[in-house]
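Between the sequences and the hints, there should be enough to build the whole structure, so can you do that?
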Amino acid sequence: MSEPLELKKTVNLPKTDFAQKANLGQSEPARLQKWTDAKLYERILETRQTAEKFILHDGPPYANADIHIGTALNKILKDFVVKSRSMMGFAAPYVPGYDCHGLPIENYVERELKKKGKNKDDIPTNAFRRICREHAATAMNNQTRDFKRLGILGEWETPYLTMSNEYEAETAPLFGKYVERGYVYRGARPVYWDVYDQTALAEAEVEYADVVSPSVYVKFPLKSDAKTIDAALEGKNVKFVIWTTTPWTLPANLGISVNPNFDYSAVEVGDEVLIIATELVKEVAEKAGFDGKQELARFKGEKLDKLEAKHPWLDRTSLLMLGEHVTLGDNSPGDDEQKTDKTAGTGLVHTAPGHGTDDFYVGQRYGLAVYCPVDNGGKFTAEVEFFAGEFVFKANPKIVELMRENGSLLLHEDYKHRYPHGWRSHKPVIYRATPQWFISMDTGENESLRKQGLREVEKVKWHPSWGESRMANMLKSRPDWCVSRQRVWGVPIIAFHCADCSHVVIDSQVIYHVADIFAAETADAWYNREASELLPENYKCVECESTNFAKETDILDVWFDSGSSCVAVLETRGDTLRFPADVYLEGGDQYRGWFNSSLMCGIAAHDAAPYKQILTHGWVVDGEGRKQSKSLGNVTSPNEIVKQSGAEILRLWAAAVDYTEDMRCSKEILDRVTDAYRKIRNTLRYALGNLEGFNPETDKTALAEMLEIDRWALASLDKAAEKMLKGYETYDFQTVYQTIYNFCTVALSARYFDIIKDRLYIFAPHSVERRSAQTALYDIADNLCRLLAPILVFTTDEAFENLPNQHLSSVHLAEFPKLAGVKDEKLLADWERIFTIRDEVLKKLEEARNAKIIGSGLEAKVILTTDKETSRFLLNYYEDLRYIFIVSQVEVHEDENFGVEIQKADGAKCERCWNYSVRVGEFAKYPPGCERCFAALNKIEKM
RNA sequence: CGCAAUGUAGCUCAAUGGCUAGAGCAGACGGUUGAUAACCGUCCGACGAAAGUUCGAUUCUCUCCGUUGCGACCA
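Quick note: the first sequence, position 702, residue 701 per numbering that gives the first Met the number 0, numbers continuous.
Simulated from the structure, these hints should not be mistaken for lab results.
If you're wondering where the values come from, they're calculated on a predicted model, not measured in any experiment.
Think of the CB as a built atom: it goes at the ideal place given N, C-alpha and C, for glycine as much as any other residue.
One or more hints might be untrue.
[Claimed, not checked] For each label pair, taking beta carbons as the anchor points, the in silico distance ranges come out as:
(1) 639 <-> 426: 26 to 36 Å
(2) 634 <-> 818: 37 to 47 Å
(3) 831 <-> 454: 45 to 55 Å
(4) 129 <-> 305: 51 to 61 Å
(5) 234 <-> 374: 36 to 46 Å
[Claimed, not checked] Dumping the calculated DSS-like pairs for lysine-lysine here, alpha-carbon to alpha-carbon at most 30 Å:
(6) 119 <-> 415
(7) 842 <-> 725
(8) 699 <-> 14
(9) 678 <-> 550
Now the structure itself:
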């Protein structure tokens with residue numbers, strides 16, 4: 000007979016190298032390095048070589064500043080999509096991109112130059128462009144570093160750059176496509192003009208902010224015969240009263256617009272007769288301090304059509320015009336409380352076709368010129384009497400003063416309202432007519448871009464579904480696309496101006512010719528070479544045969560750049576990618592931005608949308624649901640989170656929230672996520688710890704021989720897995736998270752793991768009882784790793800390595816588990832019933848504990864009384880009930896009423912398994928042990 | 001001002017035209033000390049506001065309020 004074993008050492012406690020403490024701050028970078036060394040991204044694609052492709056096309060973030068929480072979220076969501084599709088078996092490449100051109104970088108570089116006392120104009124254009132290029136490259140490298148740190152796998156060494164040769168060589172000819180198809184036209188038109196950046200702004204580049212403007216009511220004397228309006232006005236000194244908050248546009252006034260349907264009153268005030276919309280007379284009279292009761296006539300606005308007025312100080316006629324756009328007062332947005340007035344104006348609108356969209360359209364109808372005596376810098380041109388060279392905003396008070404002096408000013412007050420600002424300069428912009436290049440939405444070779452776009456929108460799948468109408472509405476109402484910018488950091492518009500006859504050359508063949516040069520030299524060639532070195536040999540003006548050309552100076556809108564990616568990237572990298580992509584995934588702001596410009600470019604190139612599906616996410620707001628802004632000081636920095644908690648926490652947060660709406664992010668929320676992370680990690684650790692020495696190839700128990708609760712665990716796992724896979728399928732990562740978290744906490748931690756602990760620790764290592772549990776644990780650990788791999792990229796990879804007999808070098812090479820498909824609903828239902836009874840027992844145990852009857856549950860004996868049916872049901876589990884309740888003894892009695900009684904357990908505590916048994920002490924070799932441990936020890940001795 | 005989304009416990013999410021609106025976390029209290037900077041249990045806690053439809057609404061309709069995004073206008 001062998002020596003007795005040391006009891007404590009025969010307990011099979013968990014053991015694993017998968018640490019409890021994650022220490023993500025250090026472990027993540029180490030794992031990233033490992034992935035890089037192993038070329039993990041390339042390996043994953045290799046394993047999917049023959050698989051069907053799934054293309055998520057990356058929208059390029061702007062390569063200017065460091066990443067913020069929004070860009071981090073965006074990239075993480077993309078990574079979820081790419082990794083989950085890859086694990087579904089698709090070949091899912093990820094080619095990240097960067098938007099490199101554009102104003103912010105120019106602004107930045109300009110500021111940097113200024114610090115060195117230099118001006119942009121002091122250095123050659125290409126020197127300036129080189130600095131821009133360097134800046135973009137630096138920003139891009141920083142972003143790449145941070146994105147990689149988030150655990151995002153992709154072709155980070157070869158991202159697409161909108162400033163690269165290849166890319167620019169695609170952008171330029173795509174513009175040629177638009178030309179070929181007859182979409183491109185050149186027009187003079189008022190556009191938002193940023194006088195600080197000296198560039199036209201797209202609608203999308205304008206934001207609104209409150210400013211205080213001078214609100215002036217100005218009298219325009221009637222030039223025509225007053226009696227054509229009403230006989231009562233004959234011989235009177237009639238004046239039209241207009242209202243404006245931009246006095247500086249008055250020098251460009253060419254007309255006055257009235258609404259044909261409104262009533263207008265002629266009111267006698269002293270020796271003048273003022274014409275004001277009837278509804279507004281009282282209002283204006285109060286402000287200007289006249290009684291306004293002397294109404295001489297009342298008439299419809301249409302009566303004023305084509306009459307003539309005199310400009311208040313210039314020798315110029317101002318034409319009376321009719322327009323439905325004329326409203327009564329100011330219905331601008333904003334806080335009504337804060338407004339000086341809810342109503343303002345006179346019902347007569349000062350009209351300067353060079354300074355307003357509506358003005359422009361009305362002016363067009365009446366044949367007015369698009370007059371704009373303001374230069375690029377926002378200064379009046381030489382022809383403007385009294386104010387030449389004056390900056391428009393500074394001229395405002397002087398103009399007011401002039402009008403006050405000559406008596407044409409009726410009223411002047413401060414007026415707070417929302418005014419457009421450049422979204423980059425954050426300064427007020429003006430409306431100003433300039434020559435621009437446009438892409439027409441409503442003309443073209445076959446069908447218009449608008450019509451085709453609307454048709455394509457219907458074919459695309461939108462998630463969330465309201466995206467479709469949002470996109471369609473936007474397309475329906477958007478104006479022509481102004482694609483020219485008066486800047487240098489971008490792709491030039493390849494057009495030439497004949498120096499001799501001013502003919503403008505815009506020719507797709509010429510464009511393709513120049514694009515070939517870009518392919519070799521980047522668009523810098525445009526600035527390095529003369530026009531003659533860019534044009535095809537012997538190119539002559541079609542009008543005058545001149546060979547003397549000047550280069551166009553405008554560049555393309557950056558949205559044109561990024562919109563080209565569906566060609567410049569999806570097609571250029573045809574070996575890995577393809578047109579159209581399966582998915583574009585961006586923030587909701589991109590409906591107007593990239594989704595839109597990409598759609599336009601896709602149609603121009605291939606008559607099709609470049610995406611099959613659009614996913615959008617909301618904005619990251621703070622803990623109270625307010626937007627994050629520097630001024631509020633509520634900004635969460637992704638890099639900070641990564642440093643303090645680890646990328647996994649940020650990723651888990653991204654999975655936990657509903658990304659289709661605005662997402663809250665705060666310290667508390669991240670703390671909760673961290674707790675959840677720990678729970679998941681510990682769950683994995685427990686499973687792995689109990690798999691020590693388990694070889695799935697030889698030690699698995701056949702399903703039929705497994706204990707029922709172990710089969711229940713597998714059935715539950717299968718159910719959870721099914722839900723999670725469905726979640727990935729529908730891009731519903733929140734369901735994935737909720738499901739796995741709930742599974743870990745409820746099914747595993749609180750129930751299964753707690754219950755099987757005794758069995759795993761106490762039974763002999765090779766016993767069927769223990770092997771059965773391990774069989775379930777193995778599948779649980781393996782499946783959880785795979786199912787969570789797209790989200791917790793680091794943790795699951797580490798856990799996967801610690802799975803016994805694991806042959807794959809990374810979980811990311813694996814596929815999602817196949818569902819067992821055995822829907823044992825009876826099993827699940829039976830166990831739900833058992834757990835309901837268990838909950839009752841636990842309640843009573845707690846009462847007994849509070850009454851100091853027991854401490855640990857194992858000190859208890861449970862006496863259940865139940866009805867006949869229930870007791871019969873429970874008798875099937877009679878031997879297991881003590882383990883299920885985690886007590887030492889259970890009795891079941893039949894009775895009409897359900898009842899639970901807790902008593903102190905019989906017998907003594909077994910030193911090995913801590914259960915109470917009346918038989919402790921019976922076994923001579925192991926006196927402190929119980930009968931169960933004695934049996935187990937006998938087996939262990941034979942090992 | 002228009003369009004859209006959204007508002008369930010401190011946090012992240014569920015469900016439902018009708019029995020006490022689920023769950024996890026957090027919190028309070030306790031147990032355990034063989035998952036131990038872990039684990040288990042008990043308790044506590046919510047339908048933004050008003051009106052309407054209905055026998056009955058958190059769920060349907062409308063209004064209001066809050067939040068967010070987009071847009072128009074501000075001549």
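Hints versus structure:
no.	hint	in the structure
1	639 <-> 426: 26 to 36 Å	31 Å, holds
2	634 <-> 818: 37 to 47 Å	43 Å, holds
3	831 <-> 454: 45 to 55 Å	51 Å, holds
4	129 <-> 305: 51 to 61 Å	56 Å, holds
5	234 <-> 374: 36 to 46 Å	43 Å, holds
6	119 <-> 415	35 Å, violated
7	842 <-> 725	36 Å, violated
8	699 <-> 14	19 Å, holds
9	678 <-> 550	65 Å, violated
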